[in-house]
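Could you build the full structure based on these sequences and the hints that come with them?
Protein chains in written order, with our numbering: chain S, 102 to 382; chain Z, 6 to 130.
Keep in mind that the hints were calculated from the coordinates and are not lab data. Just so you know, not all the hints are guaranteed correct.
Stated by the list, open to error - If you want a taste of the chain S side facing chain Z, the calculated C-beta under 8 Å gives, among others:
| id | residue |
| --- | --- |
| 1 | Ile-104 |
| 2 | Phe-107 |
| 3 | Thr-108 |
| 4 | Tyr-147 |
| 5 | Val-154 |
| 6 | Ala-158 |
| 7 | Ile-175 |
| 8 | Arg-176 |
| 9 | Gly-308 |
| 10 | Ile-319 |
| 11 | Pro-326 |
| 12 | Gly-327 |
| 13 | Gly-378 |
To be verified - Stretches of chain S that chain Z covers, calculated by requiring three or more beta carbons in the stretch to come under 8 Å of a beta carbon on chain Z:
| id | stretch |
| --- | --- |
| 14 | 140-146 |
| 15 | 178-190 |
Backbone N, C-alpha and C fix where the C-beta goes; we use that ideal spot for every residue, glycine too.
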Amino acid sequence: MTILTFTLILLLGAYCAGLLGSLTGLGGGVVVIPLLTLCFGVDFHYAVGAALVASIATSSGSGAAYVKEGITNIRLGMLLEIATTIGAVCGAMVAVWLNNSFIAVLYGGVLVLTAVSQQRRRSEHKGVAGSEMARRLKLFGTYPLKDGTREAYELTNVGGGFGVMLLAGVLSGILGIGSGVLKVLAMDGLMKVPFRVSTTTSNFMMGVTACASAVVYIQRGNIVPGIAFPVLVGVLLGALTGARLLKVLDVSLLRKIFVFAILAVAANMIYMGLTGGFEHS
Amino acid sequence: MKHDIQQLIGNTLRRGVTIAFVIALSGGLFYLAQHGREPLPDYTRFASDEADTHTHYTTLRGILLGLLALNSASWMQAGVVALILTPILRVLLTFVDFAAKRDWLYMGITATVLVVILANSLGGK
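Below, the structure is given as structure tokens:
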């Protein structure tokens with residue numbers, strides 16, 4: 102295969118990754134990793150570097166729109182970012198010692214969790230009595246409703262959320278994907294943050310967390326320009342298209358189809374990992 | 006004031022992403038023009054000594070020197086560096102925002118995040 106063919110296919114794949122990423126709220130890495138490893142046989146250590154680039158591109162690309170709407174809880178994001186960045190640093194350090202098989206199985210497991218969490222009912226968590234800790238940390242906020250008024254919300258279990266975020270950071274450092282699953286589960290499930298706030302805050306955090314590991318990966322040589330360039334360009338264009346489509350498209354059907362695709366990829370990853378399909382002979 | 010900084014953050018994200026896009030794309034087109042017909046390099050195996058043999062895209066100094074020397078790999082990687090800097094710049098602006106509000110607690114929290122990333126960029130490998 103020539104460099105030109107590889108670049109064009111990867112560009113198209115990354116475009117789809119950005120599109121799906123912004124439509125479903127998952128980072129672009131979820132598509133980029135299987136494309137690189139399963140289709141092109143690229144080493145996981147390169148694929149993870151590319152996924153980090155995809156995650157930052159998705160986060161920043163769709164983030165600009167969210168800031169304007171004022172939904173993101175910056176204080177909450179910043180506080181939890183201490184956990185995710187420290188976790189990401191640890192994850193990036195551990196990643197050197199992990200072989201392709203282990204990473205593949207871990208990635209498959211996270212994908213299954215992602216598919217399951219996509220089925221969760223989205224709750225706006227009305228009438229939550231916030232904890233004393235959350236009040237002291239000034240984490241309560243408001244978010245805009247369709248009619249222009251703002252709805253106030255409180256949240257709880259800051260410690261639990263912080264703990265899960267550490268784990269989310271470690272996974273992000275190893276796999277390069279935003280592990281948005283854990284972030285939304287922690288904020289939605291434990292801390293009772295309204296769904297729209299947790300999604301946008303998670304998107305904000307994904308970019309910063311990915312940066313914490315990207316600065317290590319780039320120095321280690323895991324981020325190769327020849328792979329990073331089509332991923333960066335493709336994901337950004339895809340995310341841009343996705344943000345426009347989101348306004349006119351009903352994505353619930355797309356989400357359902359996507360769940361099956363994720364499960365199929367997850368099964369493939371776990372199978373290949375367990376049978377040593379990613380190891381060099 | 007609050008409105009201004011939000012606008013500034015939104016604009017920073019948009020500009021940062023645009024700059025990263027333009028640099029990476031121009032480097033990429035240049036790379037394809039030079040090497041497009043060549044066979045794909047071996048990406049199937051990650052070598053642990055990768056970083057030392059490719060300083061033109063693994064160190065900041067190497068990337069900057071490569072930019073001057075019009076090395077296409079360095080140009081593409083400079084796009085990645087610009088992309089990485091965008092969220093970091095956003096955190097920096099958030100710190101300024103908290104400082105303007107005299108929110109000491111969150112100035113400390115934001116500074117911690119910045120220090121973790123910075124320590125990682127300098128010491129991490």
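Have a go at the Ile-175 of chain S hint: is there a Cβ in chain Z nearer than 8 Å to its own Cβ?
-> holds (6 Å)
Measuring from the C-beta of Gly-378 of chain S to each C-beta in chain Z, is the shortest one below 8 Å?
-> Not OK, violated: Gly-378 of chain S not within 8 Å of chain Z, min 12 Å.
Coverage assertion for the stretch 140-146 of chain S with respect to chain Z, Cβ distance below 8 Å, three residues required | Since three or more residues must qualify, the claim that chain Z covers the stretch 140-146 of chain S holds, with 6 doing so at under 8 Å.
Hint check: is the beta carbon of Gly-308 of chain S less than 8 Å from a beta carbon of chain Z?
-> Cβ of Gly-308 of chain S sits 4 Å from chain Z, so the hint holds.
Let me know if the C-beta of Phe-107 of chain S comes in closer than 8 Å to any C-beta of chain Z, holds or violated.
-> holds (5 Å)
Against chain Z, is Ile-319 of chain S within 8 Å by beta-carbon distance?
-> holds (6 Å)
With a cut-off of 8 Å, does the beta carbon of Val-154 of chain S approach a beta carbon of chain Z closely enough for the hint to hold?
-> Val-154 of chain S check passes; min Cβ-Cβ to chain Z is 6 Å, inside 8 Å.
How about Gly-327 of chain S: closest beta carbon in chain Z under 8 Å, or not?
-> Where the cut-off is 8 Å and the nearest Cβ of chain Z is about 7 Å from Gly-327 of chain S, the hint holds.
Go check the stretch 178-190 of chain S versus chain Z for me, would you? Three or more residues, Cβ under 8 Å, otherwise it fails.
-> holds (count 7)
Hint validity - Arg-176 of chain S Cβ closer than 8 Å to any chain Z Cβ = Holds, about 6 Å.
Restraint satisfaction for Thr-108 of chain S [CB to CB of chain Z, less than 8 Å] = Thr-108 of chain S check passes; min Cβ-Cβ to chain Z is 6 Å, inside 8 Å.
Status of the hint placing Tyr-147 of chain S at chain Z (closest C-beta pair under 8 Å) = holds (5 Å)
Comparing the model with each numbered hint stated earlier shows that hint 13 is the single one that does not hold.
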